[in-house]
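Following the hints, put chain B in place on chain A, whose structure we already have.
Each chain, letter by letter, is given below.
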Amino acid sequence: MSKTLFDKIWDSHVVKEVPGNRQVLYIDRHFIHEVTSPQAFAGIKQRGLELFRKEKIVATADHNIPTIDQHLPIKEELSRKQVDTLIENCEEFNIPLFGMGHEKQGIVHVIGPEQGITKPGMTIVCGDSHTSTHGAFGTIAFGIGTSQVEQVMASQCLILTRPKTMRITVDGKLGSGVSAKDIILYIISQLTTSGGTGYFVEYAGSAIKSLSMEARMTICNMSIEMGARGGMIAPDQTTFDYVQGREHAPTGDDWDAAVAYWSTLNTDDGAVFDMELKYSAEDITPMITYGTNPGMAIPVNEVVPEEVSEKALSYMGLNPGEILIGKDIQHVFIGSCTNSRIEDLREVADFVKGKHRCATTKVMVVPGSKAVEAQAIEEGLDVVFKSAGFELRSPGCSACLGMNEDKIPAGEYCVSTSNRNFEGRQGPGARTILASPLTAAAAAIYGKIVDVRQYIN
Amino acid sequence: MEPINQLVTTAVPMPIEHIDTDQIIPARFLKAVTRDGFGQNLFRDWRYDKSDTPNPDFVLNNSIYSGQILVAGKNFGCGSSREHAAWALADYGFRIVISSFFADIFKGNALNNGIVPIVVDDATLNQIFEAIESDPNTTFELDLQGQTLKGGGLAINFDIDAYKKECLLNGQDDIDYLVSLKEEIKQFEERQTIY
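Chains A and B, in that order, give the protein sequences.
If you want the numbering used here, it's the position in the first sequence, counting the first as 1, plus 1157.
If you want the numbering used here, it's the position in the second sequence, counting the first as 1, plus 19.
You may find that some hints are simply not true.
As the list claims (entries may be wrong) - Have a look at the derived ranges for each label pair, beta carbon to beta carbon:
| id | chain 1 | residue 1 | chain 2 | residue 2 | range |
| --- | --- | --- | --- | --- | --- |
| 1 | B | Pro34 | A | Ile1534 | 49 to 55 Å |
| 2 | B | Gly172 | A | Glu1464 | 30 to 36 Å |
| 3 | A | Gly1537 | B | Asn74 | 47 to 53 Å |
| 4 | B | Gly56 | A | Pro1230 | 21 to 27 Å |
| 5 | B | Asn74 | A | Met1432 | 39 to 45 Å |
| 6 | A | Leu1434 | B | Asn145 | 28 to 34 Å |
Hint data in this document are derived by calculation from the structure and do not stem from the laboratory.
The C-beta atom is built at its ideal place from N, Cα and C for all residues, glycine as well.
Same shape as in the complex, but just chain A:
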């Protein structure tokens, strides 16, 4: 029988059926961080349980750590306590921790792929909704709550209902100045923030196949923003080339066997999805958000729609029918698990080289990991950012969710390469406009929203 990519991986991980339409699914990798793990560790201890497969857990500190002076103790008491609790738990249970200052530290969804921990065919979970990022490798990867973090710690399994499947095909060639971030913002604007709920999405089509692994991660990362459980892309030569040679990648005969298996991980001809959507890459232009959820996105040169939530527009200080081009921008944030990888930084540096930020626009560039930071410095991107007046900070989740000091002041606008423009997400009263790294870079230079296509060759 013809199977989808999702079916193949899911079916190969079902340990058993549970009455009530549920299945016990085996989890291959479990990423943890400081915010959603402490109560799970406490639960394990309280119940007197052991970690069932501690070697399948990888820990990092990313959500609330500062992005300056990472060699110093964390000043903010509650953040320090949470990070210290992670350190204590990892020591007690003997789990590798890439903590603050560690050369392998970074945002959990950046370090998994870059170390070769994330590999095709796996099931991957983390107490973070953007775990869907790892789906770019042809994995079933999804975010879970802390009770489920505890369940995976105790049994390496979860009791789940099988999601429905959706295929989103994007065919064609992307225009100049249009990137993966624009593709996913476009898709979410079509589907709304709830259109994918209950589904696991496979992204396919020539426009998706032509993307690099990092761009594919950007797409899969935001699957949750349309409500989907996760998103995935069939592994291909681009995937294998990315994985090969990384620290945790198989080698020798194992590599050949792995590639032979990974090559079977694609949707069979004739496999049926519960829902199919098709888009044309030529219809996609640079996108920006105008409201308070990621579905409230428009092409940069279009006006704010008439029929939208008054509450959202009032929060954003915008009006129906208004065009955002020319809107003054006080902050630009380049970072987050959506867009903080080396290709994102290269794209931004390439655009800003020889230019300087607008005097009234502050710019933060926060690399996704220590490895990304080191690579950026090796390539001289730090010099480009410095000359442009951009502040290159140390890795962490940073202003994506404002758990640390990196917040946007109330009422001010921030063009952000992150994934959520919810009220208060970047700080109480902060007004977030989501965009691609290129659109963000242009906003930094010109101090306002522009159609970046007019500024590139």
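The following block gives chain B in isolation, referenced to the frame of chain A:
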């Protein structure tokens, strides 16, 4: 987890769509290492102004409305996987959330914390809002075993996953069951090839 079967209580109306987890509990309040105390920051930025003064226009600050049911617009709980959202609702005292649509991860987190998510159609949701608006003291009666909610002139039959229903009725979570499967899980691991 505290078992739940029958409950008679009033309801708090929040007719706002797409209430995301950052509104339920903003990220800056996720720094605790225990599950307790999140209720005080439930809907923090809607509930209090910048100087921490209660916003009189927000429903939780309106003494007319109280009870253990939260009634919210569609797509409640979208966004982050933070279980702190469910902890905050439970800690505040909510045991039931009614909406016409729930985000996936939130729904699972609610069920894992003894909160009953009840999905109704849009028309019924509006009728519930109207009933509470015309009389804030309207009481609703939950019968989880019978999967009914009655009140405000309405008698609603709702769906709930059979497995999770048993968990709620008995106050059990998934861990005990999963731990009991260890031998089967080990056998699965022996069959599995991973790279």
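* To do: Report the numbers of all earlier hints that the structure fails to satisfy, in ascending order.
  => none
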